[in-house]
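Undergrad: What follows is each chain in one-letter form.
There are 2 protein chains.
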Amino acid sequence: MPIISSQEIRLASRPTGVPTKGNFVLAHTVLEPLKDQEVLVRNRFMSVDPYMRGRMNAVKSYVPAFEVGKPLDGGAVGEVLESRAKEFKPGDVVTSRHGWREYVIASAQDLQPIAHVVQPLSLYLGVLGMTGLTAWVGLGLAQIKAGEVIYVSGAAGAVGNMAGQLAKIRGCRVIGSAGSAQKITALTTECGYDAAFNYKSGPIGEQLDQAAPDGIDVYFDNVGGESLEAAISAMRQHGRIIACGSISGYNNEGSPPPGPTNLFHITTKRLTMQGMIVGDWLDRQAEFQVEVGGHYRAGRIKNLETVVDGIDHAVDAFIGLFHGGNIGKMVVKLS
Amino acid sequence: MPIISSQEIRLASRPTGVPTKGNFVLAHTVLEPLKDQEVLVRNRFMSVDPYMRGRMNAVKSYVPAFEVGKPLDGGAVGEVLESRAKEFKPGDVVTSRHGWREYVIASAQDLQPIAHVVQPLSLYLGVLGMTGLTAWVGLGLAQIKAGEVIYVSGAAGAVGNMAGQLAKIRGCRVIGSAGSAQKITALTTECGYDAAFNYKSGPIGEQLDQAAPDGIDVYFDNVGGESLEAAISAMRQHGRIIACGSISGYNNEGSPPPGPTNLFHITTKRLTMQGMIVGDWLDRQAEFQVEVGGHYRAGRIKNLETVVDGIDHAVDAFIGLFHGGNIGKMVVKLS
Chain H
415 MPIISSQEIR
425 LASRPTGVPT
435 KGNFVLAHTV
445 LEPLKDQEVL
455 VRNRFMSVDP
465 YMRGRMNAVK
475 SYVPAFEVGK
485 PLDGGAVGEV
495 LESRAKEFKP
505 GDVVTSRHGW
515 REYVIASAQD
525 LQPIAHVVQP
535 LSLYLGVLGM
545 TGLTAWVGLG
555 LAQIKAGEVI
565 YVSGAAGAVG
575 NMAGQLAKIR
585 GCRVIGSAGS
595 AQKITALTTE
605 CGYDAAFNYK
615 SGPIGEQLDQ
625 AAPDGIDVYF
635 DNVGGESLEA
645 AISAMRQHGR
655 IIACGSISGY
665 NNEGSPPPGP
675 TNLFHITTKR
685 LTMQGMIVGD
695 WLDRQAEFQV
705 EVGGHYRAGR
715 IKNLETVVDG
725 IDHAVDAFIG
735 LFHGGNIGKM
745 VVKLS
Chain G
415 MPIISSQEIR
425 LASRPTGVPT
435 KGNFVLAHTV
445 LEPLKDQEVL
455 VRNRFMSVDP
465 YMRGRMNAVK
475 SYVPAFEVGK
485 PLDGGAVGEV
495 LESRAKEFKP
505 GDVVTSRHGW
515 REYVIASAQD
525 LQPIAHVVQP
535 LSLYLGVLGM
545 TGLTAWVGLG
555 LAQIKAGEVI
565 YVSGAAGAVG
575 NMAGQLAKIR
585 GCRVIGSAGS
595 AQKITALTTE
605 CGYDAAFNYK
615 SGPIGEQLDQ
625 AAPDGIDVYF
635 DNVGGESLEA
645 AISAMRQHGR
655 IIACGSISGY
665 NNEGSPPPGP
675 TNLFHITTKR
685 LTMQGMIVGD
695 WLDRQAEFQV
705 EVGGHYRAGR
715 IKNLETVVDG
725 IDHAVDAFIG
735 LFHGGNIGKM
745 VVKLS
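Quick note, the sequences are listed as chains H and G, same order.
So the first sequence is numbered by the numbering used here: it starts at 415 and just counts up by one.
So the second sequence is numbered by the numbering used here: it starts at 415 and just counts up by one.
A few of these clues could be false.
To be verified - These stretches of chain G come out as covered by chain H in the derived footprint (C-beta under 8 angstroms, 3 or more residues):
#, segment
1, 439 to 449
2, 651 to 662
3, 677 to 684
As the list claims (entries may be wrong) - Example chain G residues on the side facing chain H (calculated, C-beta under 10 angstroms, incomplete):
#, residue
4, G468
5, A472
6, Y476
7, I528
8, G638
9, L642
10, E643
11, E667
12, S669
13, P670
14, P671
15, G673
16, P674
17, Q688
18, G689
Unchecked claim - Pairs of lysine-lysine, DSBU-like flavour, derived with a Cα cap of 35 angstroms:
#, chain 1, residue 1, chain 2, residue 2
19, G, K683, H, K716
20, G, K747, H, K435
21, H, K683, G, K614
22, G, K559, H, K559
23, H, K683, G, K503
24, G, K747, H, K683
25, G, K582, H, K683
26, H, K582, G, K683
27, H, K614, G, K435
28, H, K435, G, K683
29, G, K449, G, K503
30, H, K683, G, K484
31, H, K559, G, K683
32, H, K683, G, K716
Calculated from the structure, these hints are not laboratory results.
All values reported here derive from a predicted model rather than from experimental measurement.
Don't be surprised by glycine CBs; every beta carbon is placed ideally from N, CA and C.
Bound-form chain H, shown alone (with noise of 0.2 angstroms):
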């Protein structure tokens, strides 16, 4: 094995509300020789998500917290370099935990090999891959109707925009909000979203209304707050919320915003409100790619992504997250 300088992204400090630049470093790591059951793995995606930003904080989050001074992690795709794994050979495409780095040596079992490859790798970590199977796991859990109304919140991200192409394609009509001009174009134009509004343009509710005169039968809540609000307004009778994120709160400081005042009509109008780890479904995770993969190499799906180049702009596209910068998947090229 050549001699690889490896670089990573480790947590610096913690952040205090919106991370900055200055609560990560770039480093550089020389990596050792490969031991009996070990892979070398050349990034060539890696995924950014919101919900890393919970792992920043000193409390456990619902995964365990980052470390400072330590590499950050993540999903990944990637190339086999050299194995000392029988499952691995050079030129295996795997997806990984271990993201944020351009190279990695990790244990075969922490490997997953992608049988059939399917072009841009970066697939993997969006549509075909967790923020998909989010989407995916998400709306099987509100067990969406063909004919129902769905509002999707957080609607251009990686996890909105699979939710609200997937139930298109189950027969639901589908409304999304987001937050910018373009956001709310690559909706309705590319993922077949029936209506789109820019929250920012007015109060939730009232273009919620607008978009829904006669309600809501799903939310699939991406931000919270405000949001979260609306929709159970919104919503009719047996109606079901999916808690899946609540990107309005991740940076929050000081005390809390105040919560939704509405929650009585979650009694009054039989809502259920149903909470949901992509990690608790790993196992549906098979099925999850033939259906998909089905849909995207039929045309049904658009990939929707956000790729920025190279490793040092991880951070910047970290942050970008919490400031409305990505469209889609947003994913670091390593190559």
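Start from chain H and add chain G according to the hints.
TA: Then chain G, alone, in the frame of chain H:
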């Protein structure tokens, strides 16, 4: 049929905030002779329930609003005095939605016969009536399992005490909150609650943590507000919340109080919050009465009730609900 003068309670004006006596009027009516298919019933007990407050607003709650100048209605149990319908004969015990009056002429189809009468008849409003059914259905929706920890707010109320008693029979550890020392004593000595605390004695979150140091699996919410927020924080992973009532907000005036700020726990702990209205579940009533009637006759369920004497005290009884005036089911004896 003799000439019968019946007293009834009418809504005189819509309350603002907590109802006052001036919002109601006690009126006399003289009953007309029976028509074909009609039945004359003398009510023995009538039910007094917090949810009625919502029906006193002009805006439709989940049940139609009461009309000003018209008698209120609600659950009642009584005896048939005279019948022009073949389904009923004098002496039959029946339940109906025609409470808030001493006598009623009802269509046969609006009366439910009781086959094997258990005394006192007030049981058919509480333990074996709507509030018992509410508790029973809610626990079913929450899929409680032996060994789980369940927290019930409004635990000394009609629904709450039954939820706790039934959960205890099913092998749960049961914790309740209520608003007086007398209620707390009733919960632990009469209803089998493992622990109970007075929500007025200190922060609910702290008291709940003390009673359930390892967290709770199920929260049966009759109260909303601070109790709901505390329960969400105390929930273990995959916990379930039954959103049954929200008495803390029923008399709210002006802008609603802030909602829980910790709803993101629903995602991170994969919680489910489900609303219920007992009216959706009347097809389960027979099954419920067999099961819970069996528990009652076997002495496994206590009939916790507050009996107020005479229709002229019914308004006080109703207002008292919002001042913690009842332990268990609040009923008015009309005989």
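Undergrad: Taking the earlier hints as the rules, which of them does this structure contradict?
TA: The structure conflicts with hints 1, 5, 7, 11, 20, 23, 27, although it agrees with all the remaining ones.
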